[in-house]
Amino acid sequence: MKFASEFRDPALAKALLARIGGVADQIGATREKPVHIMEICGGHTHSIFRYGLDKLIHPGVEFIHGPGCPVCVLPMSRVDECVEIAMRPGVIFTTFGDAMRVPGHKMSLMQAKAAGADIRMVYSPLDALELARRNPDREVVFFGLGFETTTPSTALSIQAAAREGLTNFTVFCNHITVPEPIKALLDDPDMMLDGFIGPGHVSMVIGTHPYDFIARDYGKPIVVAGFEPTDLLQSVLMVLTQIAEGRAAVENQYARVVPQNGNPVSLAAIADVYERRPSFEWRGLGEIDASGLRIRPKYRAFDAEEKFGIGYAVGRKVVEEPEGCACGAVMTGRIKPTACPQFGKGCTPDMPLGALMVSSEGACAAYWQYGGSRGLAAE
Amino acid sequence: MCLGIPGRIVAITDEARQMALAEISGVRREVNVACIAEGPLSDLVGEWALIHVGFAMSRIDPDEAERTLQALRDLGEAQEALEAMAEGQKALEAAR
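Keeping their order, the protein sequence lines are chains B and W. All residue numbers for the first sequence refer to this note's numbering, where the first residue is 1 and numbers rise by one. All residue numbers for the second sequence refer to this note's numbering, where the first residue is 380 and numbers rise by one.
Since the hints were derived computationally from the structure, they do not count as laboratory data. On a predicted model such as this, the values are computed, not experimentally measured, just so you know. Where hints are given, some of them may not hold.
Within a straight-line C-alpha distance of at most 16 Å, the following computed EDC-like cross-link-like pairs (lysine to aspartate or glutamate) qualify [to be verified]:
| no. | chain 1 | residue 1 | chain 2 | residue 2 |
| --- | --- | --- | --- | --- |
| 1 | W | 469 | B | 130 |
| 2 | B | 183 | B | 217 |
| 3 | B | 183 | B | 287 |
| 4 | B | 113 | B | 84 |
| 5 | B | 113 | W | 453 |
| 6 | W | 469 | B | 118 |
| 7 | B | 298 | B | 275 |
| 8 | B | 307 | B | 139 |
| 9 | B | 307 | B | 320 |
Listed below are several chain W residues computed to face chain B (Cβ distance under 8 Å; list not exhaustive) [to be verified]:
| no. | residue |
| --- | --- |
| 10 | 431 |
| 11 | 448 |
| 12 | 449 |
| 13 | 453 |
| 14 | 463 |
Built from N, CA and C at the ideal position, the CB exists for glycine as well.
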């Protein structure tokens with residue numbers, strides 16, 4: 001590890017690592033009996049691998065990579081539904097680039113585009129809105145994907161479309177929420193988590209109160225973190241300190257960006273446009289109660305599920321995950337990516353079988369990119 | 380897609396739609412500023428914000444902007460965001 005050049009503040013990183021080691025020793029954490037800390041956000045997973053924090057940290061601290069990469073938890077059936085919409089005549093299907101290569105049952109959006117569907121990668125739902133304005137004779141569908149960081153963007157876009165009276169703009173809503181899968185993981189009797197690193201940019205929108213149940217009802221510490229390496233180390237230290245002191249609380253390491261009550265304009269837009277679905281399917285985790293959002297009836301004209309009679313609007317078919325894909329076991333921390341029989345063989349970033357290999361925020365892709373292939377050879 | 384990228388608001392382009400021009404790593408693009416608007420929109424000119432998929436979500440100070448940008452560059456996320464912006468522009472221009 002090129003310590004000095006990799007870290008913006010190497011002295012601080014070293015000091016934090018030393019303090020983490022001290023507290024880990026104090027609570028008796030060892031390689032054989034480690035403390036399990038889940039980083040929920042895919043951006044944090046990426047940062048941990050990029051800076052090799054999992055290697056630099058005391059061996060008694062083990063990171064478990066959580067379900068916080070929206071592309072990675074997208075079930076195949078939803079990709080199939082995207083393809084189905086995109087193949088309809090007259091449709092311009094718009095999506096974030098991240099979703100293009102996620103395998104569907106028959107094909108990915110990339111393959112559907114090659115097969116002739118008009119699928120366009122956009123940076124923002126604002127681009128999709130503009131396409132709808134410029135192409136009044138076409139149906140422009142935006143693939144609404146992501147956690148609470150991107151949910152305000154589609155909510156505000158739907159409000160704008162309603163104000164402007166656009167009749168050719170819809171959102172295929174796949175927005176999901178962070179707290180509910182955490183609850184599902186905590187309710188799993190096999191799960192052995194000792195604390196959480198909470199997402200930074202999601203919390204900028206929702207604030208820190210939605211995590212209160214984690215400390216209050218489950219007695220687990222959670223620290224909302226920035227995604228610089230020293231932010232992450234500081235947050236790990238805060239989690240360990242809570243454990244050492246026998247406390248469980250919601251703490252905010254990223255207060256310079258995350259207000260305790262979130263962003264009021266975003267929250268109001270989300271509440272106006274969206275309501276909770278009874279349940280939503282997560283790849284590898286199954287259906288989770290109240291974990292997904294749908295468009296409220298007053299905005300149904302902008303709901304692609306309603307307009308195209310697809311998905312939860314008509315009762316959906318569950319599609320089996322591909323043979324041999326262990327994304328579910330990786331995502332719940334039961335196995336490491338390298339323990340999946342397909343890792344690096346039937347599943348690589350160029351030819352992903354499972355979604356965790358697609359996005360740079362997926363645990364498998366991160367393992368692969370940052371020495372995973374070397375690590376595999378070493379193991 | 381999940382991580383915001385710092386951008387500096389350089390002009391207000393459409394008061395009614397709450398749109399502004401932001402400079403993001405040397406690239407200019409229109410962003411929505413509804414989530415960070417507190418007073419008159421013109422107050423935002425010169426301010427730094429974290430921008431998520433075309434929406435300014437949080438005001439940040441210049442030091443935080445620089446640190447965040449550096450971290451995003453290290454992760455390759457800054458380049459990804461800029462490429463996505465270019466793709467978005469291409470999508471608008473593609474005629475079919």
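Outcome of the hint check:
1. For the hint linking residue 469/W to residue 130/B, the alpha-carbon distance of about 12 Å falls within 16 Å, and the restraint holds.
2. Under the criterion of a C-alpha separation no larger than 16 Å, the hint pairing residue 183/B with residue 217/B is consistent with the structure, at around 10 Å.
3. At most 16 Å may separate the alpha-carbon atoms for a hinted pair to count; residue 183/B and residue 287/B meet this at roughly 13 Å.
4. The straight-line distance between the Cα atoms of residue 113/B and residue 84/B is roughly 12 Å, inside the 16 Å bound, and the hint therefore holds.
5. In summary, the hint linking residue 113/B to residue 453/W is not supported, as the alpha carbons are separated by about 31 Å, beyond the 16 Å threshold.
6. Taken as a hint, the residue 469/W and residue 118/B pair is honoured in the structure, with Cα atoms around 13 Å apart against an allowance of 16 Å.
7. For the given pair, residue 298/B sits about 11 Å from residue 275/B by alpha-carbon distance, which is consistent with the 16 Å threshold.
8. Taking the CA atoms of residue 307/B and residue 139/B, the gap is near 10 Å; set against the 16 Å cutoff, the hint holds.
9. Distance check on the hinted pair: residue 307/B and residue 320/B sit about 26 Å apart at the alpha-carbon level, beyond 16 Å; violated.
10. Look at residue 431/W: its Cβ gets to within about 5 Å of chain B, closer than 8 Å, so that hint holds up.
11. Interface restraint check: residue 448/W against chain B, minimum CB-CB distance 11 Å, threshold 8 Å, status violated.
12. Look at residue 449/W: its Cβ gets to within about 6 Å of chain B, closer than 8 Å, so that hint holds up.
13. Using the Cβ-Cβ criterion of 8 Å, the hint placing residue 453/W at the interface with chain B is satisfied: the shortest such distance is roughly 6 Å.
14. This hint holds: residue 463/W has a C-beta 4 Å from the nearest C-beta of chain B, less than the 8 Å allowed.
Taken one by one, the earlier hints fail for this structure at numbers 5, 9 and 11, listed in ascending order.
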